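Chemist: Fit chain B to the given chain A structure using the hints.
There are 2 protein chains.
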Amino acid sequence: MDVVKVIAVENLPLFKKGDNIGRLICEAAEKQGTPLQEGDVLVVTHVAVSKAEGNIVNLNEVTPSNRALEIAAKVGKDPAIVEVVLREAKEIVRLGPNSIITETKQGIVAANSGIDQSNVEGNRNVALLPVDPDLSARNIRQYVKESTGCNIAVIVSDTHGRPLRMGEINIAIGIAGILPLRDRRGEKDLYGYVLRVKQTCIADELASAAELVIGQANEGIPAAIIRGYKYQTSEVSARKLTRQKERDMFR
Amino acid sequence: MDVVKVIAVENLPLFKKGDNIGRLICEAAEKQGTPLQEGDVLVVTHVAVSKAEGNIVNLNEVTPSNRALEIAAKVGKDPAIVEVVLREAKEIVRLGPNSIITETKQGIVAANSGIDQSNVEGNRNVALLPVDPDLSARNIRQYVKESTGCNIAVIVSDTHGRPLRMGEINIAIGIAGILPLRDRRGEKDLYGYVLRVKQTCIADELASAAELVIGQANEGIPAAIIRGYKYQTSEVSARKLTRQKERDMFR
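Protein chains in written order, with the numbering used here: chain A, 876 to 1126; chain B, 876 to 1126.
Read the hints as simulated data drawn from the structure, not as lab findings.
These figures come from a predicted structure and were not determined experimentally.
Mixed in with the good hints there might be a few duds.
Because identical chains cannot be distinguished in the list, a pair is counted as satisfied if it fits within a single copy or across any two copies.
Unchecked claim - Here are the computed lysine-lysine pairs in the DSS-like style, where the Cα-Cα straight-line distance is at most 27 Å:
1) K1120 <-> K949
2) K1115 <-> K965
3) K1115 <-> K1063
4) K892 <-> K1120
Okay, chain A solo, but in the shape it has when bound (with noise of 0.2 Å):
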């Protein structure tokens, strides 16, 4: 019988700049009595590892551009706040009352370019998105795989907000040994016909599941463990993932 475990990695310390979140989460899921083994995906808050990687900015040393002040008065925003997330952005996918939604830099698409205000310590301090999510995954699945000998998958998760469906839910900005898209083209269903559109997402999948215990105490829990789930191994960007403007009917 086929069973996936989602697995909470609890007792983390609040990480801090610097911080190796790989050494971490292996010595908090080893305590825990649930060691990362082969084949487990791991998944990871942006937040978590924003903050390890110091990509956190003080809005009161934020100057707004005339630009941001333009905008901020058109949509209800703080300036400063404009101001850090139009500097995180390609471009302005949609503007609307108390939102801003862009393409950023790492080419994801997110409301007020994935810039989160919660819990990260000050209260004028937002965490920005990683610089590249895909080697924040990478940098973590490396040092899993230099301590503890095993072959993960990491998956770095934020919450998103969807055009047509209520509520956020969990999806991948970054990943590193997994193949994120599984093409079920040329399949065949329960009685033999070959199936012709269907591709999963199957990384925005496991960062919903993992959501299921992440969200579940307080915002303490920064990262899930995802145990038996089988998948492919890549080395495929999360980037992706983001439909291109050409492709998507609602852009």
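Modeler: Quick look at chain B alone, frame taken from chain A:
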């Protein structure tokens, strides 16, 4: 330590019209040594539900309207399929190459009105969405309650292609016994600051987590049990998960 398990319900028969899905799943779960328990979340694919409810249409028996012929020519699809898509639709949201996105009678925004050509016997048969997916979920929930005494939550799932992101993920189109959106506004974060925007669509995350086992076995697994996840019960409809047009910057 918080662990959530996603358990495949294996060795289910191919569902046919008139089957009692609740009973068949209870029996299969019992047989494999994982009987349903109090607090479980049971996720069932909509194709399985529609087959048991007889919600199948044979395309050879469909006469396309003029409008269906027109749209079929425009998007390059089988006119009979387009006719069924239009019959199931309340409104067309987008037309694109080989793609019709509608809001269905059930209030779900879906490609091709959620009609499925795979995993349905006979290559001219298609499965529609269940007429009332919440009711389908409630019926299963009630059967389980009566038969085992356990209160569970039930989610009817569908694969869902997305604006902005590549690949499909599973979402909840029918729910029973679970509050689908976890509203975290007012809760405190790691450092005691109050969360202002967080609302997590746990119903969709649970549907995606279930797909980790449902999607693995050549389409042979139409149901999964999620065990160990704490949620609030409610009578809220899955219709609440569709973003209202007025609140959707992408419609």
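Chemist: Each hint: holds or not?
Modeler: Quick rundown of the hints versus the structure:
no. : hint            : verdict
1   : K1120 <-> K949  : both (25 Å within a copy, 21 Å between copies)
2   : K1115 <-> K965  : within (16 Å within a copy, 33 Å between copies)
3   : K1115 <-> K1063 : within (25 Å within a copy, 34 Å between copies)
4   : K892 <-> K1120  : neither (35 Å within a copy, 42 Å between copies)
In summary, the one numbered hint that this structure violates is 4.
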